[in-house]
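*Asks:* Okay, here's what each chain looks like letter by letter:
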Amino acid sequence: MNLLNISCKKATYLLSKKEENKLSWLEGFKLRGHLTICSLCRKFEQQTSFIGFTAKHGQEQAVLSVEAKEKMKTVLKD
Amino acid sequence: MDQTTLNPDQWINKYADALYSYTLPRVNDSALAEDIVQETFLSAWKARESYKGEASEKNWLYTICKNKIIDYYRKKARDIVQPMSQNDHTDGYFDEAEHWTKEDKPADWGIDYQQAIDNKEFYKVLESCKKKLQQIQQSVFVMKYLEDLDSTEICKALGITSSNYWVLIHRAKLQLRTCLEKNWINLK
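Order-wise, the sequence lines are chains A and B.
As numbered in the numbering used here, residues 1 to 78 make up the first sequence, in order.
As numbered in the numbering used here, residues 1 to 188 make up the second sequence, in order.
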């Protein structure tokens with residue numbers, strides 16, 4: 001059954017492909033099989049999708065200094 | 001187009017902070033972010049004749065800014081001679097059979113993910129973990145998760161192969177996850 005078994009390293013690698021629907025039929029089959037029996041890789045999937053989701057959120061409003069803005073204005077007028 | 005909206009002073013007052021806030025988490029360097037914002041205004045100003053007003057002024061500036069950021073990633077990617085070095089950091093996460101090692105296996109975070117979305121501390125740690133990634137990993141992570149580009153577009157922009165890309169994004173996720181677990185979960 002080694003043909004159908006994949007390692008955790010391979011499974012976590014394939015999870016990124018899964019996100020983009022880029023798994024081949026066989027890869028998808030192997031990954032589903034692995035995730036069924038491996039709670040660690042399931043955790044990895046949950047935690048990394050959370051990271052991916054939050055990457056876009058929670059960015060604080062950053063403010064440029066007055067000097068930086070004045071410099072930009074000068075540059076544009078030249 | 002209304003001439004008053006083409007006033008550079010007004011542009012900068014209106015959009016500089018927004019563009020800077022957009023750029024900063026994408027390049028993780030305040031001086032660089034400042035330069036990119038300035039170049040954005042400069043390019044926009046030079047191209048003002050060709051601006052047809054089809055997109056809103058704001059969207060037009062954001063598009064220019066986004067392209068500047070991707071240009072920066074592209075240049076950075078070119079500087080990296082051998083992104084797929086033999087020193088594969090992720091090898092540390094797995095044992096010889098490629099299963100999780102005791103130290104690096106995902107722990108139970110025991111958090112409510114819905115609540116964690118609003119947790120300020122989490123975002124601080126996420127930012128600092130992002131900074132620890134190698135530059136090219138940071139680029140692929142940002143392009144994928146902040147810019148919503150797909151692997152094909154990212155490979156094209158950075159001039160990397162798709163197999164390089166999958167390895168890079170895999171490593172970035174392994175590193176970020178471990179870093180968050182060590183520095184955020186353990187803080188709680």
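It is worth saying that the hints were derived from the structure and are not from the lab.
Any given hint might turn out to be false.
Quick list of in silico lysine-lysine cross-link-like pairs, DSBU-like style, CA-CA up to 30 Å [said to hold, decoys possible]:
#	chain 1	residue 1	chain 2	residue 2
1	B	Lys132	A	Lys18
2	B	Lys14	A	Lys18
3	A	Lys69	B	Lys156
4	A	Lys43	B	Lys58
5	B	Lys120	A	Lys22
6	A	Lys17	B	Lys58
7	B	Lys58	A	Lys10
8	A	Lys9	B	Lys124
9	A	Lys9	B	Lys58
10	A	Lys9	B	Lys66
11	B	Lys46	A	Lys43
12	A	Lys73	B	Lys182
13	B	Lys46	A	Lys10
14	A	Lys17	B	Lys76
15	B	Lys120	A	Lys43
16	A	Lys73	A	Lys43
17	A	Lys9	B	Lys131
18	A	Lys69	B	Lys182
19	A	Lys9	B	Lys52
20	B	Lys182	A	Lys9
21	B	Lys68	A	Lys9
22	B	Lys58	A	Lys22
23	A	Lys77	B	Lys120
24	A	Lys71	B	Lys105
25	A	Lys18	B	Lys58
*Asks:* Hint by hint, say whether it matches the structure.
*Replies:* Okay, the hints, checked on the actual structure:
1. The hinted pair formed by Lys132/B and Lys18/A meets the criterion: a straight-line CA distance of about 26 Å does not exceed 30 Å.
2. For the given pair, Lys14/B sits about 41 Å from Lys18/A by alpha-carbon distance, which is inconsistent with the 30 Å threshold.
3. Proximity of Lys69/A to Lys156/B is assessed by CA-CA distance (about 34 Å); at most 30 Å being required, the pair is judged violated.
4. About 40 Å separates the Cα atoms of Lys43/A and Lys58/B, which puts this hinted pair outside 30 Å; it is violated.
5. For the hint linking Lys120/B to Lys22/A, the alpha-carbon distance of about 34 Å lies beyond 30 Å, and the restraint is violated.
6. A C-alpha spacing of about 34 Å is found between Lys17/A and Lys58/B, which places the hinted pair above 30 Å, so the restraint is violated.
7. Proximity of Lys58/B to Lys10/A is assessed by CA-CA distance (about 43 Å); at most 30 Å being required, the pair is judged violated.
8. A C-alpha spacing of about 28 Å is found between Lys9/A and Lys124/B, which places the hinted pair at or below 30 Å, so the restraint holds.
9. Between Lys9/A and Lys58/B, the direct Cα distance comes to roughly 43 Å. Violation of the 30 Å bound is thereby established for this hinted pair.
10. For the suggested pair Lys9/A and Lys66/B, the alpha carbons sit about 33 Å apart, so the restraint of at most 30 Å is broken.
11. Taking the CA atoms of Lys46/B and Lys43/A, the gap is near 50 Å; set against the 30 Å cutoff, the hint is violated.
12. Annotation: proposed proximity of Lys73/A to Lys182/B is violated, straight-line Cα distance about 44 Å (limit 30 Å).
13. For the given pair, Lys46/B sits about 49 Å from Lys10/A by alpha-carbon distance, which is inconsistent with the 30 Å threshold.
14. Taken as a hint, the Lys17/A and Lys76/B pair is honoured in the structure, with Cα atoms around 24 Å apart against an allowance of 30 Å.
15. In summary, the hint linking Lys120/B to Lys43/A is supported, as the alpha carbons are separated by about 23 Å, within the 30 Å threshold.
16. Distance hint between Lys73/A and Lys43/A is unfulfilled; the C-alpha atoms sit about 50 Å from each other, more than 30 Å.
17. The straight-line distance between the Cα atoms of Lys9/A and Lys131/B is roughly 24 Å, inside the 30 Å bound, and the hint therefore holds.
18. This hinted pair does not check out: Lys69/A and Lys182/B have alpha carbons roughly 39 Å apart, beyond 30 Å.
19. Restraint check for Lys9/A and Lys52/B: the C-alpha separation of about 50 Å exceeds 30 Å, so the hint is violated.
20. For the suggested pair Lys182/B and Lys9/A, the alpha carbons sit about 20 Å apart, so the restraint of at most 30 Å is met.
21. The hinted pair formed by Lys68/B and Lys9/A fails the criterion: a straight-line CA distance of about 35 Å is larger than 30 Å.
22. In summary, the hint linking Lys58/B to Lys22/A is not supported, as the alpha carbons are separated by about 34 Å, beyond the 30 Å threshold.
23. Taking the CA atoms of Lys77/A and Lys120/B, the gap is near 40 Å; set against the 30 Å cutoff, the hint is violated.
24. A threshold of 30 Å between alpha carbons decides the hint, and for Lys71/A with Lys105/B the separation of about 50 Å lies outside it, so the pair is violated.
25. The hinted pair formed by Lys18/A and Lys58/B fails the criterion: a straight-line CA distance of about 34 Å is larger than 30 Å.
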